[in-house]
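Chemist: Here is what each chain is made of, one letter per residue.
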Amino acid sequence: MGLQEQYRSEAAGLLSSGAVKLVIGYSAGSTPDRRRPVFVRTPEEAERLVLDGACVANLSTYLVTEGLLSDGKSVALFLKPDGVRSVNILAAEAQVNPEQVVIFGFEIENGQVKPLEGRKASDFTPVIEAAKTAGLSPELQKESERLDQMSASERFEFWKEQFAKCIKCYACRQVCPMCYCRRCIVDVNQPQWVNTSSHTLGNFEWNIVRAFHLAGRCVACGGCDRSCPVNIPLRLINHRMAKEVLDAFDYYAGESTDQKPVLATFRQDDPETFIL
Amino acid sequence: MTRILLKNRLDDCIVAWRSAGFSVLAPVKRSDLSRFDEVESSAEMALDLVLTERTIKDHFFPQTEPLIKYRIKKHEIDSQEMLPPDGKRVFFGVRPCDASGLAIDDPLFGWDYKDEYWFKRRDNAVIVTIACTASDDFCMCTSVKLAPDSAKGSDVLLRPLQGGNGWQVEALSDRGNALLEPISSILQDSTDAPAPTVSVPVRFDVDKVMEWLADPASFESHFWKEISLRCIGCGSCTFLCPTCHCFDIQDEGDTYTGIRRKNWDSCSFAMFTMHTSGHNPRNTQSTRWRQRIMHKFNYYRGKFGVNSCSGCGRCTRQCPVDMGITETLQAITNLPK
Numbered sequence: 006m007g008l009q010e011q012y013r014s015e016a017a018g019l020l021s022s023g024a025v026k027l028v029i030g031y032s033a034g035s036t037p038d039r040r041r042p043v044f045v046r047t048p049e050e051a052e053r054l055v056l057d058g059a060c061v062a063n064l065s066t067y068l069v070t071e072g073l074l075s076d077g078k079s080v081a082l083f084l085k086p087d088g089v090r091s092v093n094i095l096a097a098e099a100q101v102n103p104e105q106v107v108i109f110g111f112e113i114e115n116g117q118v119k120p121l122e123g124r125k126a127s128d129f130t131p132v133i134e135a136a137k138t139a140g141l142s143p144e145l146q147k148e149s150e151r152l153d154q155m156s157a158s159e160r161f162e163f164w165k166e167q168f169a170k171c172i173k174c175y176a177c178r179q180v181c182p183m184c185y186c187r188r189c190i191v192d193v194n195q196p197q198w199v200n201t202s203s204h205t206l207g208n209f210e211w212n213i214v215r216a217f218h219l220a221g222r223c224v225a226c227g228g229c230d231r232s233c234p235v236n237i238p239l240r241l242i243n244h245r246m247a248k249e250v251l252d253a254f255d256y257y258a259g260e261s262t263d264q265k266p267v268l269a270t271f272r273q274d275d276p277e278t279f280i281l
Numbered sequence: 039m040t041r042i043l044l045k046n047r048l049d050d051c052i053v054a055w056r057s058a059g060f061s062v063l064a065p066v067k068r069s070d071l072s073r074f075d076e077v078e079s080s081a082e083m084a085l086d087l088v089l090t091e092r093t094i095k096d097h098f099f100p101q102t103e104p105l106i107k108y109r110i111k112k113h114e115i116d117s118q119e120m121l122p123p124d125g126k127r128v129f130f131g132v133r134p135c136d137a138s139g140l141a142i143d144d145p146l147f148g149w150d151y152k153d154e155y156w157f158k159r160r161d162n163a164v165i166v167t168i169a170c171t172a173s174d175d176f177c178m179c180t181s182v183k184l185a186p187d188s189a190k191g192s193d194v195l196l197r198p199l200q201g202g203n204g205w206q207v208e209a210l211s212d213r214g215n216a217l218l219e220p221i222s223s224i225l226q227d228s229t230d231a232p233a234p235t236v237s238v239p240v241r242f243d244v245d246k247v248m249e250w251l252a253d254p255a256s257f258e259s260h261f262w263k264e265i266s267l268r269c270i271g272c273g274s275c276t277f278l279c280p281t282c283h284c285f286d287i288q289d290e291g292d293t294y295t296g297i298r299r300k301n302w303d304s305c306s307f308a309m310f311t312m313h314t315s316g317h318n319p320r321n322t323q324s325t326r327w328r329q330r331i332m333h334k335f336n337y338y339r340g341k342f343g344v345n346s347c348s349g350c351g352r353c354t355r356q357c358p359v360d361m362g363i364t365e366t367l368q369a370i371t372n373l374p375k
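Read top to bottom, the protein sequences are chains E and B.
Counting from 1, position 152 in the first sequence corresponds to residue 157 in this note's numbering; the numbering is continuous, with no gaps.
Counting from 1, position 158 in the second sequence corresponds to residue 196 in this note's numbering; the numbering is continuous, with no gaps.
Warning: the hint list may mix true and false statements.
Claimed, not checked - Within a straight-line C-alpha distance of at most 20 Å, the following computed EDC-like cross-link-like pairs (lysine to aspartate or glutamate) qualify:
1. B:126 with B:49
2. E:147 with B:70
3. E:170 with B:76
4. B:67 with E:162
To be verified - Simulated restraints, written as ranges between beta carbons of each label pair:
5. E:18 with B:200: 57 to 67 Å
6. E:38 with B:246: 26 to 36 Å
7. B:46 with E:188: 54 to 64 Å
As the list claims (entries may be wrong) - Facing chain B, from chain E, some residues (calculated, C-beta under 7 Å):
8. 42
9. 170
10. 234
For the record, the hints were derived by calculation from the structure and aren't laboratory data.
A virtual CB, placed ideally from N, CA and C, is assigned to each residue, including glycine.
Based on the sequences and whatever the hints tell you, model everything.
Modeler: Here it is in structure tokens:
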């Protein structure tokens, strides 16, 4: 039995026993190579679940849907290690009770899905530790170094050109499990702190706010980068932030459900190189 | 015998139009994004794209547009209109769906109040459309009763020649005729046949959809909740849509001086209908998605006699969660009677 069939039957079992009220997984999309999120509520519907190498979206973003977990019932979802890390952060930030989350874990290797052992977020700690040891993505590091080698003004021009494309559709925000604010700072309008205009300045404001709020929280699932309809390489910003906190504080976001947020805690021996 | 434009004479056209005072905009791929932008030579054009990622709407109704500059004085307010520039523009290589989008939006911008910012740009623009010989999985013009060679919204229609070396040229309006004048010596008479337009499958029954939407019982149908469960509430579909036209007026500046701007807004956003009281009549994503569909295929038609969709398919093509108008309208088409 393939992993897809195994998880389908387990999902049907969890639903029929009432152990979970909902399974969030992937189903066939509008073209053969697309997968879309699906919400399965009955054992019969579990047949719709698809699991293969095209299932890349981080579904944990749906966990912060208003009211989803407020009845105390559990939800199962299909997650790669990056998604489990998101659940850990959401738990650490008191947004999600990890006891309510059943995880169908999987990894994609060379386009094939591989099962991951465990059903609770904490079961995946060894997988996440191994990912931390393996280090940040070498491809992203390579792309990022190209930017590092630029002069400050060249880099500024690069980002200006990229941000000029932004249309403030906020797909990057909406798809991100970390962007759970009920009212984002850019939507606060009494007073309007941040310009709503999508001119270059307004776009810089938005993208910088986004980057700051994701520092030490982004798990590099790539959702924002894939969702951006104007192809801004948001992955490079996220990568740079992740690298900063890893190098400076040995901090890898989403290691466990009780990991303290990096920017909300300190150690006596934290580097203070930024103090002149 | 028809007039044709050979591809190897396109640069001569650009020169002729530019010296006649037009700027020429065409599909380009710049900074990893396909869109319409000014070009000086045909080599810059990306005419092989099925469709640009951004629409030409951007050049008539920009994502942010200054309306007036103002200065509040002790007893009076100085204000100065900031109308768009006067320049004449040719849009070369527009797809029929995008050209139709402009025509669909014209009545909206000219309804009770004539939007000068839109019409000034419209009046100064000539739309040269190229009929489609290719489509992708998301194209759905035929489903909304348009076609890969629709003339709607176009001033000149080009049909690719069978040999791929040029286009058959047909002027559709006075503006189109005027545009062909400076290039009359570049065009040739020919009997070359045009290539067949692409056959785009009809993906839903728009008549049945309209009928269902018009039924008051459909408004509170459970259908809306189910179909929009995975919607994440971004504005990608609305901002990439050639007909979506909602905007928000914002004053930017300090207490005394500033610029009043017209900024795109989206019915997908939770903030879109938020009242000052905090009450939001569309407080769930399903009510917002329902609004989008109802507006396009029910209310807009009721007011202006046309659906607010030209079938470009960008909503689905670019949706982060693979939603879009096609899926919803297919689902409505397949609802049991």
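Chemist: All hints are to be evaluated individually against the structure, with a verdict given for each.
Modeler: Right, here's what the structure says about each hint:
1. The hinted pair formed by residue 126 of chain B and residue 49 of chain B meets the criterion: a straight-line CA distance of about 18 Å does not exceed 20 Å.
2. This hinted pair checks out: residue 147 of chain E and residue 70 of chain B have alpha carbons roughly 19 Å apart, not beyond 20 Å.
3. The straight-line distance between the Cα atoms of residue 170 of chain E and residue 76 of chain B is roughly 16 Å, inside the 20 Å bound, and the hint therefore holds.
4. Restraint check for residue 67 of chain B and residue 162 of chain E: satisfied, since their Cα atoms lie roughly 18 Å apart, inside the 20 Å limit.
5. In this structure the supplied range 57 to 67 Å holds for residue 18 of chain E paired with residue 200 of chain B, their Cβ-Cβ distance being about 60 Å.
6. Separation of residue 38 of chain E from residue 246 of chain B is about 29 Å and conforms to the stated range, judged on CB atoms against 26 to 36 Å.
7. Take residue 46 of chain B and residue 188 of chain E: their Cβ atoms lie about 57 Å apart, and the range 54 to 64 Å holds.
8. For residue 42 of chain E, the interface hint holds, the least distance from its beta-carbon to any beta-carbon of chain B being 4 Å, beneath 7 Å.
9. A hinted interface residue such as residue 170 of chain E counts as satisfied when its beta carbon comes closer than 7 Å to some beta carbon of chain B; here the least separation is about 5 Å, so the hint holds.
10. Checking residue 234 of chain E against chain B: minimum C-beta separation of about 4 Å stays under 7 Å; hint holds.
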